[in-house]
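Chains A and B are the protein sequences, given in the same order. Going letter by letter, the first sequence gives residues 1 to 139 in the numbering used here. Going letter by letter, the second sequence gives residues 1 to 90 in the numbering used here.
A portion of the hints provided could be inaccurate.
What the hints assert, rightly or not - Derived coverage of chain B by chain A (criterion: at least 3 residues anywhere in the stretch with Cβ under 8 Å from a Cβ of chain A; other residues may be distant):
hint, segment
1, 3 to 13
2, 27 to 41
3, 46 to 60
4, 75 to 87
Stated by the list, open to error - Each computed DSS-like pair below joins lysine-lysine, with the alpha-carbon atoms no more than 30 Å apart:
hint, chain 1, residue 1, chain 2, residue 2
5, A, K38, B, K87
6, A, K38, A, K103
7, B, K87, A, K112
8, A, K38, A, K112
9, A, K103, B, K87
Unchecked claim - Facing chain A, from chain B, some residues (calculated, C-beta under 7 Å):
hint, residue
10, L64
11, A66
12, V69
13, I70
14, A71
In short, the hints are calculated from the structure, not lab data. Cβ atoms here follow ideal geometry from the backbone N, Cα and C, with glycine treated the same way.
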Amino acid sequence: MSLLSQVFLLIGAFFMFVAAVGIYRMPDLYMRLHTNTKSATFGVSFILLGAIVHFWDLAVTTRAIAIILFLFVTAPIAAHMIGRAAYIVGAPLWPGTLSDALKGMYDPTTHKLAETLLPEAAPNASDLTAPSADHPFSH
Amino acid sequence: MVLTLAFLLLAAAFGLAFIRMVRDPKRDHRLLTLDRVVALDLMSTLSIGLITLLAVAFNRPLMLDAAIVIALLAFLSTVAFARYLEKGKQ
């Protein structure tokens with residue numbers, strides 16, 4: 001087994017372990033989705049690159065590249081659908097979350113976005129530039 | 001040696017995802033199900049990596065076909081769970 005293949009396999013396994021630590025430790029469903037989508041896809045594509053370098057065969061290369069492309073296309077779609085379902089169900093955000101762009105812009109009964117910024121949402125929009133004094137990151 | 005380390009890392013990752021999946025805080029059951037769907041999605045991605053590692057370790061490139069099938073099924077199951085949980089309120 002070549003050195004390059006070993007390095008790729010080890011990098012991939014490490015990033016998948018990082019994704020699992022994120023799943024275990026992150027405080028919020030949206031953050032867990034984030035680790036799941038980015039880090040795990042990165043790790044599995046590195047493992048497949050290691051398999052490509054190890055076998056160095058046209059059939060294996062085709063299959064591995066097909067898996068990588070399919071994962072890179074489908075992982076954001078799946079994460080988007082889970083995140084959308086979580087927001088509709090009402091999953092709580094982590095208390096230190098800096099901004100919620102949909103707050104006040106979204107009608108939970110009709111699942112429609114508001115056309116313009118609602119009046120009560122205007123202070124939240126200004127929060128993006130000037131965090132309030134009681135914010136956990138502001139001191 | 002490197003393969004053993006990679007297998008150990010993936011086994012630890014499986015354990016952490018499994019702990020997240022079976023843990024049961026007292027919450028809304030649909031939020032709990034979404035948590036579990038996220039953990040299960042990670043476990044399917046982990047199993048793609050594990051099958052690829054096994055293919056390298058045993059020198060059997062045919063095992064990658066199983067990885068393709070798992071990638072397809074994981075996407076379908078995640079989308080189906082998400083749609084079902086989203087429509088559950090009506």
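Now the hints, each set against the structure:
| no. | hint | in the structure |
| --- | --- | --- |
| 1 | 3 to 13 | holds (count 8) |
| 2 | 27 to 41 | holds (count 9) |
| 3 | 46 to 60 | holds (count 7) |
| 4 | 75 to 87 | holds (count 8) |
| 5 | K38/A to K87/B | holds (27 Å) |
| 6 | K38/A to K103/A | holds (25 Å) |
| 7 | K87/B to K112/A | holds (14 Å) |
| 8 | K38/A to K112/A | holds (28 Å) |
| 9 | K103/A to K87/B | holds (21 Å) |
| 10 | L64 | holds (5 Å) |
| 11 | A66 | violated (11 Å) |
| 12 | V69 | violated (10 Å) |
| 13 | I70 | violated (9 Å) |
| 14 | A71 | holds (5 Å) |
The structure does not agree with the numbered hints 11, 12 and 13 stated previously, though it agrees with the rest.
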